[in-house]
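Based on the hints, put chain B in the right spot on chain A.
Just so you know, the protein sequences line up as chains A and B, in that order.
Each residue of the first sequence is one higher than the one before, starting from 1164 at the first, in my numbering.
Each residue of the second sequence is one higher than the one before, starting from 26 at the first, in my numbering.
FYI, nobody ran anything at the bench for these hints, they're computed from the structure.
Any given hint might turn out to be false.
Keeping only pairs whose Cα atoms sit at most 30 angstroms apart, straight-line, the calculated DSBU-like set for lysine-lysine is [as the list claims (entries may be wrong)]: (1) Lys266/B to Lys1178/A; (2) Lys266/B to Lys1215/A; (3) Lys1178/A to Lys183/B.
Computed footprint of chain A on chain B, listed as stretches where at least three residues anywhere in the stretch have a Cβ under 8 angstroms from a Cβ of chain A [stated by the list, open to error]: (4) 38–46; (5) 114–121.
This one's a predicted model, so the numbers in the text were calculated from it and none came from an experiment.
Every residue, glycine too, gets a C-beta built ideally from N, C-alpha and C.
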Amino acid sequence: MLKIENLRKSFGRVKALDGLSLEVAPGELFAFLGPNGAGKTTTIRILNGLSKMDSGRALINKVDILEDPLAVKRLCGLVAQHANLDGELTVMENLDVHGRLYGMPGPERKKRAAEFLAYVELEDRAGSLVKTLSGGMKRRLMIARALTHGPGLLFLDEPTAGLDPAIRRRIWALVKKINRSGVTVFLTTHYIEEAEFLASRVCFVNEGRVVAAASPREVMDGLGQWAVDVYGPEGSETSFFGDRTEAAAFIQSADGAGSIRRVNLEDAFLRLTGRRVG
Amino acid sequence: MSSLMAVYLREMLILRRRMARQVLAMSVTPLLYVLTFGLALGGGVRVGDRSYLEFLIPGLAAMSSMTQAFAIAGEINVARFYLHVFEEFQAAPVPRLSFVLGETLAGLTRAFLAVSVVLILGALFGVRLDYGAPFWAALSLNSLAFASLAVALAMLVKTHADQALLSNFIITPMAFLGGTFFPLDALPAWAGTALGLLPLSHASRAARAGAFGLPWEPGPYLCLLGAAVVFFLLALWAVAKARD
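Excised from the complex, chain A in its bound form:
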């Protein structure tokens, strides 16, 4: 579905992408995980025609994004990080403008807009001005808008950033539903639990390069099942264990000054890069 080869992008002297390569198969829910400034949004911006790459190559459905950008754009939907909606337009007007941008004929535009408003449970707000919606509603509307023209590949750039936990869970359920309907999802996030919950495959990105790409379970393999964080004067140190008994014994030996938890993707990221994701 998506193939990126050796993508490079600099802003002045800052290398945002430094030879990034990856592949996403059709139907995957692919999480692109990394700390702020790792190159996640830059990658999405290049793939969607908002930024220019310095060098490299990207293919979507085997079409080079530079050779036929308009054709590629018809295949993709984008939910940007900012709520880039027209606040002075109604919910339905926002969807209508989007449908026209993608060349959808009138009846189809109306049908699909109504269908996707119901899909994101906003059908009762069709006539509301967007500026009256809550943050979570705006995010759901952005998702509906990105799906209206029927993309095969949906880019979600930090879709739950700034939302409260209950709304975040609702968005997660929606993303799962979209993926189950056959849409390939490319999700950037710096929320560990989001990637763990949603992704069929995660890709760690750090300083503009891919560090690892595998299923969440595979990425965490080798670390064990349990982690113990011991807090000392120089910060916390994490140790990993195969079973809970060993982990508990370790805490005892450290005078009980630690906490036990399941191993997560952040541990794997930390092990690979020496940095934390969040």
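Leaving out everything else, chain B in the frame of chain A:
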């Protein structure tokens, strides 16, 4: 065609929502000019065989068409830097031509609205002139030129503050020096020639000639058409440059 309509429709929906305050805002400046220059200062002045107010109204119409067509830059700017709606256009399969045409047509619509406000204002003060095809053709070309320039500059600026500076350096001087308030042939020859090069000077001259029912001259129209074409091409180029 559909994407062009989408760009235009979006601007029109926003304009419709703000129509009352927009018309009010479009009325204030011309009204002040009519009161101060047209009635207070120029009450007893005649320009050729016309009253100063009759001279002023077509010039104000030309000036308003310029300022309101150029005001589309502010809207694009807000869409680009604050609302980030411009990213929606960039991510969509919208050819540059559709985007620039859609925005310039939106600028043209705003300009026509502003010109209508000026003409109604003039009529309220007793000014009735010939607002036929030559008059509207001149103002259409003027609006297209400045709306295209607005799109181009809105794509090239990096911040909203830069946009305000451009208005200060381009639009405000042109409004005062482009033949709105005084006949350029009353100036020393060198000054008249220099200011006569400004697109607004051509628009004022052509609009006045049309409104006064004078014989049609192609010169100002061709100059405005040339400016519109150059600025439109500049806008097409600038849209491609707007990607980071």
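The hints, checked one at a time:
| no. | hint | verdict |
| --- | --- | --- |
| 1 | Lys266/B to Lys1178/A | holds (20 angstroms) |
| 2 | Lys266/B to Lys1215/A | holds (10 angstroms) |
| 3 | Lys1178/A to Lys183/B | holds (21 angstroms) |
| 4 | 38–46 | holds (count 4) |
| 5 | 114–121 | holds (count 7) |
Against the hints set out earlier in the document, no violation occurs for any number.
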